[in-house]
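Q: Chain B: place on chain A using the hints.
Number of protein chains: 2
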Amino acid sequence: MTGYTLPHSRDACAALDAENPLRAARERFALPEGIIYLDGHSLGPATHGALARVEQAAKREWAEGLIRSWNTAGWIDLPHTVGAKLARLISVDADAVIVTDSVSVNLFKLAAAALPVARSRTLIVEASEFPTDQYVAEGLAGISGARLMRVEEDRGLEALMETGGILIRSIVNYRTSHVMDVAEAEAMAHTSGGVIVWDLSHATGVLELNLANSGARLASGCTYKFLNGGPGAPSFVYAEAELARRMASPISGWFGHADPFAFTPGYAPKDGVARFAAGTPGVLSLSALDAALDAFEGLALRDVCAKARALGDLVIARAEGIGLEAISPRAASMRGGHVSLRHEQGYAIVQALIARGIIPDFRAPDAMRFGVAPLYVRFVDVWDAMDQLADIVETRAWDRPEFHARAKVT
Amino acid sequence: MTGYTLPHSRDACAALDAENPLRAARERFALPEGIIYLDGHSLGPATHGALARVEQAAKREWAEGLIRSWNTAGWIDLPHTVGAKLARLISVDADAVIVTDSVSVNLFKLAAAALPVARSRTLIVEASEFPTDQYVAEGLAGISGARLMRVEEDRGLEALMETGGILIRSIVNYRTSHVMDVAEAEAMAHTSGGVIVWDLSHATGVLELNLANSGARLASGCTYKFLNGGPGAPSFVYAEAELARRMASPISGWFGHADPFAFTPGYAPKDGVARFAAGTPGVLSLSALDAALDAFEGLALRDVCAKARALGDLVIARAEGIGLEAISPRAASMRGGHVSLRHEQGYAIVQALIARGIIPDFRAPDAMRFGVAPLYVRFVDVWDAMDQLADIVETRAWDRPEFHARAKVT
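Line by line, the protein sequences give chains A and B.
Under our numbering, the residue at position 272 of the first sequence is numbered 433, and the numbers go up by one with no gaps.
Under our numbering, the residue at position 302 of the second sequence is numbered 463, and the numbers go up by one with no gaps.
Bound conformation, chain A alone:
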């Protein structure tokens, strides 16, 4: 139910692009010539605004403004002003989001702070969860003495119901792109006395998230994927205000203090989510992210989500024509902003695509991931990419030694 009709020709794709409500958004991106970029689920491209803003933050604010820019350029407020822009994309109160640290660190803080709030001190992760989420639960169990439960795929809610513990769960799975029903899960959390810490990394900027209405209370996510914040851009924390007031961040750094420049010895947290700030925020990265989020200005999340689904439908339809199996759900409503296809030579096929100027990515052991970021990926891009994929698979063009050499980062 995307409102789109599946296009069966390149011309039909071009027609969809021409009438698309997001068509102007692509102009906001500084995309390199001759590249079809289908890796926005890993690292979003730069916008013209973000590039200009980085230059301003470095040359004007840092080099000329020096220490004064903490006040005069609003550096001190960036974690909140950028948080407010993010809040719109996940449909929560503007002051319930703060930008700080990495997803790993934020998941740690949130899950740790949830320990005294949940009915039992049990940390739950599914074996199919993004590795860092699993590792963070393991590390937190070690330092806190909480019990670690690693359960099979899709058994997280069952374990939550049993234990009333803390489930760390991605809304969109990094490998399959499968989407979790937040409202249903939160209802179970409510019943069980448990708490869910949502990882929004592959969800924000591509789904029509409505966290507050779904009952979600705690979340973190990454900003360098569909939010285009730049390589290693800082992560964000969402915490529902009333719950936040009952929580203490285990990493109580000075930027989470109610009065950081009073230099008092005892810790008094800021109100609400702001207590999850820790050290001094990274201004250059935060500035890039601030400007990058303006790419969403004037766009309806409903349109963003609908186009992502339609693009994903096209990937799957063309893949079936090539005889490739989709790991991702066929139903668009069950899928995030990327589509994973399975092939035992997936790694080499992805390298062959990259050599032709088409950039998806690969996740071990066999998943080729095609990101369909709706702000800049067009239907013709998907069409052309799938033409090349078909050719590579049919001619076994992947069967060359250089496509099998593993890079450090895949």
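Simulated from the structure, these hints should not be mistaken for lab results.
These numbers were taken from a predicted model, which means no experiment stands behind them.
Where a beta carbon is used, it is the ideal one built from N, C-alpha and C, also for glycine.
A couple of the hints might just be wrong.
What the hints assert, rightly or not - Some but not every residue of chain B turned toward chain A, in silico, with C-beta under 10 Å: (1) F291; (2) G414; (3) F424; (4) A439.
As the list claims (entries may be wrong) - Computed cross-link-like contacts, BS3-like style, restricted to lysine-lysine with a CA-CA straight-line distance of at most 27 Å: (5) B/K569 x A/K431; (6) B/K220 x B/K246; (7) A/K246 x B/K569; (8) A/K569 x B/K220; (9) B/K431 x B/K246.
A: Frame of chain A; chain B shown alone:
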């Protein structure tokens, strides 16, 4: 014993500048016209190299290279390559330092990882310690069940000897600039079975640190002060290799994993200090820092330290002429790269100086801090700044309402 003679005139200052072994280093900085910058202990200025590098990282590596730059631009190695540059500045093995997260987060990780290694699960901080260090100890005690001991100024080592716990201690105190004797403290740690986590924030880049020879085993520090890495630049972790192998980071994110792209469910840490990495590194900030550290290239740490001491001696000598009391030690060997002067109207005096283009900073309740970063601060700069300070104090030029309005960040 700086090898300098105290200058008694502006001409004598100019003569010292003309013959100074660091005189060429100032050219590496993009300093604004008409400003005397004495706040490098809070935020170092930009170098030309850092500004160019930020532009390259954004426009070339991110916008054009996209995801490929993790491999082709060496992003994935930055935490280590930048760490190796830092290692030289603190005299430890090149592979014993990694750049990651903020100081708050890193102190948390190191102190937490030291809990099973120290003789007792006691976290010790002095009441005069930088607030975030105190707060971090408090938060860690909460989540780990370790005992928190907050002791009076200079009583940390005594508590360490008594308990065999973990002392979090700055080498240079943020307020007084007092320097700790690392070798002596580490000898006591060794005897007691305790562990010291050093905070190098106000020390690196201005002292002739020799951590390995002094027996230091764990440290973190900030890179945006005397290292000029940029606003909120990432922090670093030093861990002695053998000790690191016996430690586990409580925040076990995927970048600390031995094989982060294998996506295996169980956590297996990288060897050595690299296990203290957590989330995806912030590439824009790391790139700025990487280039900024090149400002130290070809400079002897001994010369850097000697000039800082001589500049600090000049601040104190001139301050005494004005009748201002120094909070910082008079003995140069006991002092870091900033000098704190006491005045009950310190806040307003600092604002009056800033209005005249001279930028020190202020720490509550009464400390005016003058940073003498030896790479770009000249003897004539200190001389001129002290002339203005004398005038402001003598004419009570601070006594205007606008100099009393408190900014968010001081």
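Q: Give a verdict on every hint.
A: Evaluated hints:
{"no.": "1", "hint": "F291", "in the structure": "holds, 8 Å"}
{"no.": "2", "hint": "G414", "in the structure": "holds, 3 Å"}
{"no.": "3", "hint": "F424", "in the structure": "holds, 5 Å"}
{"no.": "4", "hint": "A439", "in the structure": "holds, 4 Å"}
{"no.": "5", "hint": "B/K569 x A/K431", "in the structure": "holds, 14 Å"}
{"no.": "6", "hint": "B/K220 x B/K246", "in the structure": "holds, 24 Å"}
{"no.": "7", "hint": "A/K246 x B/K569", "in the structure": "holds, 22 Å"}
{"no.": "8", "hint": "A/K569 x B/K220", "in the structure": "holds, 23 Å"}
{"no.": "9", "hint": "B/K431 x B/K246", "in the structure": "holds, 20 Å"}
Hint compliance for this structure: no hint is broken.
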